[in-house]
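Peer 1: Each chain, written out:
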Amino acid sequence: MSIENTVSEKKLTQNGKTVWSKIAASCLKFLRNIGNFIVRLWNHPKGRVGLIILGALSVCAIFAPIIAPFDPYDVTQRAERGLHPSWEHPLGTTISTGQDIFSMLIYGARVSLLIGIVTGICIAFLGAIMGILSGYVGGWVDNLIMRVVDVMLVIPTLPLTIVLTNLFGKSYFMIVFIFTLFGWTGLARTIRSQVLVLKNSNYVKAAELAGAGRWHIMMKHILPGVSHLLIMSTCLTSAGIMVAEAGLSFLGLGDPTAISWGKMLAEVQSGGAMLFGYWWWIIAPGIGIFLAVYSFMRIGIAMEEIFNPRMKQTSSAYKIFKNLNNQYIEEVFHSMDESEKLGYVGGVNDNDETVGV
Amino acid sequence: MKKSYIIKRILYTVLLFFVVLTLNFFIPRIGIDDPAERYYPPQGNMSDIEYDIVKQATRKQYGFDVSTWKQYLRYVDGLFHGDLGNSFKSGSPKVIDLIAERLPWTLVLSITTLFIGAISGVLIGAFAAWKRGRWPDLVLMNASTITTALPSFFIALILVLILGFEAEWFPAYTDPNMVADFDWSPEAIGTVFYNAALPIFSMAIGSIVGYAQTTRNSMIAVSGEDFIVTARAKGLSSDTVLYKHTLRNAILPIVTNFGMSVSGLVGGAVVIEQIFNWNGMGTLFLEANNTNDYPLMMGIMLFLSTFALVANLVTDLCYCLLDPRVTVDGGRR
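Chain order of the listed sequences is A and B. Note that our numbering numbers the first sequence so that position 61 is 61, with each residue one more than the last. If you want our numbering, it's the position in the second sequence, counting the first as 1, plus 1000.
The hints are simulated quantities; they were obtained by calculation from the structure and are not laboratory data. Possibly wrong hints are sitting among the right ones.
Ranges of calculated distance between the beta carbons of each label pair, as one might list FRET restraints [said to hold, decoys possible]:
#1 Leu-1011/B to Ile-67/A: 56 to 62 angstroms
#2 Ser-26/A to Asp-1077/B: 49 to 55 angstroms
#3 Leu-144/A to Gln-1061/B: 37 to 43 angstroms
#4 Val-1139/B to Trp-280/A: 25 to 31 angstroms
#5 Gly-139/A to Arg-1009/B: 20 to 26 angstroms
#6 Ile-67/A to Ile-1010/B: 57 to 63 angstroms
#7 Asp-1097/B to Phe-30/A: 51 to 57 angstroms
None of the values given here were measured: they were computed from a predicted structure. We put the CB at the ideal spot given by N, CA and C, even for glycine.
So here's chain A without its partners, still in its complex pose (with noise of 0.2 angstroms):
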């Protein structure tokens, strides 16, 4: 084996060119597939729906310039306060500062989508590389990453994020940074009970065999075994980021020069709509997360299905969602690497069907 290790990395290493190429070509590879899901999202019923709302909201927040009436971030551009909804304001004004709350709403999408699409290819990332090595490679990394994750999980997130925003400042990179910080322990526990499945799988062994490099073997034959995993998490804990993410606005522990829709709902809170019954104002940002959220869940939940058609009509997505970092979830990986201890490999199935249902 380390022979045959060694041979392959001088080839690599000879040609270093040919290293970048083979990651450019996996790297096409990856997107002609995330293309492929498009299409095979959209011929599905609930991806469908999913993807038209989440098109829509990309729309409103890429042109968001030229759909909104208005100009929220223009103090100039400011009506009189408190405005009821009319044909000039769809959804009145606020009562603080007079901005038209339909412009907010459409500039508001740009927040939540930038944050949670970033966050979730961040994690997507990250998770994606501790669970490899700590599956494939095993040994001292693989236990030193799983430590990580088993402190990561006890540290109440919310305060620490909290505490973090406010030492290294509320930009909104320091927000994408700190959510990947803490998101990446339950995608990296999925990736290494199914890295671990692999593993042991006649095509990654005749690869070793054939002396393949580990580096080669975990790019070229692990990576895509684990794709349709790191896409389905993708959209899951975008959706999950852009709760968190309104909720940290809410807080007022955002970036405090954007408008947000989780900020818009502090500014309800803080702005005395409820006193006046301005519902429309209440009820705006509220709608506008959901949509986000619904829409990348919906996705998430069709991606699913798609992957495997044996789930259907369980939602194991939502559980993910729900439960990133379930231990129950936990238990059943123990299980898998309890059969792969004892090669039983056929094993893994019944369990699946635990988590799955």
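Here the structure of chain A is known, so what remains is to put chain B in place on it, guided by the hints.
Peer 2: Same frame as chain A, now just chain B:
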């Protein structure tokens, strides 16, 4: 075999506790400045020597007179004597006293929510699993996607608007005199629950649906198993099969869910407490954060993580009791 598993699990928890303790001590300190300069900025008529004396005294008062490493040792030492240090609040009250004062108020909310959620959720979930594919099931499935996508604080705002301001059934904000006036008389307890109704309700909706979903999925998984078919074949009534055979065997994921809610009992209501101005741990933490009162923040975070650690430990041990198949390494076979 089992004993060794339990001992291993407990030792691991203790180890995790120390790691978390260390992180909790050092992370809030990353951005900390000298309390002396923050609380006693140099006065105009004060000479440098005088100001040095004031600074030294303040540092000593807040425990900053020694190196960080020694402060850490002192903190750990204090911890074993039940002392989490003093808050920066005026009069420097003990952190442990502040936590003890706020804790019951949070627990009122979270424990009530937990039990409402768990009990009604399990019943609804069992019902939905029984009526699989028909309308109760479909309603539950759709409700679960909707409540997961709606943040609980938005539900709370809507409830405040409808039940608090429009219908005026429940107070929209917590009565500020509730805590001060509290004695154990029935009226006082009644007031507490009257004020707690909306926060509890807004948290319970998500909780009920979560439990119902877990129960339903788990029960459907179990109902395909051979012993259920046997029970049916024996001619048992469908109620007996449902509650005695299926539900009992489907309990493990529910226990996990319960354990996770327990670990979130103390720290899970920050936003809701903020909305209703509820006098609990969440608002205490936000206060501490806003005033940079980091001994208090450290204390609260340590308390929360310890609570989560113990809850995880107990859940694991419950697992061990409930499912004899749990082996030494925690694997299910």
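Peer 1: Take the hints in turn and mark each one as holding or not.
Peer 2: Now the hints, each set against the structure:
The hinted window of 56 to 62 angstroms between Leu-1011/B and Ile-67/A holds, with their beta carbons roughly 59 angstroms apart. For the hinted restraint 49 to 55 angstroms between Ser-26/A and Asp-1077/B, the CB-CB distance of approximately 54 angstroms keeps it satisfied. At about 41 angstroms, the beta-carbon gap between Leu-144/A and Gln-1061/B stays in the expected band of 37 to 43 angstroms. Against the hinted window of 25 to 31 angstroms, the Cβ-Cβ separation of Val-1139/B and Trp-280/A comes to about 28 angstroms, which satisfies the hint.
Between Gly-139/A and Arg-1009/B the beta carbons are some 23 angstroms apart, a value that agrees with the proposed interval 20 to 26 angstroms. For the hinted restraint 57 to 63 angstroms between Ile-67/A and Ile-1010/B, the CB-CB distance of approximately 59 angstroms keeps it satisfied. The hinted window of 51 to 57 angstroms between Asp-1097/B and Phe-30/A holds, with their beta carbons roughly 56 angstroms apart.
Consistency note: the structure conflicts with none of the earlier hints.
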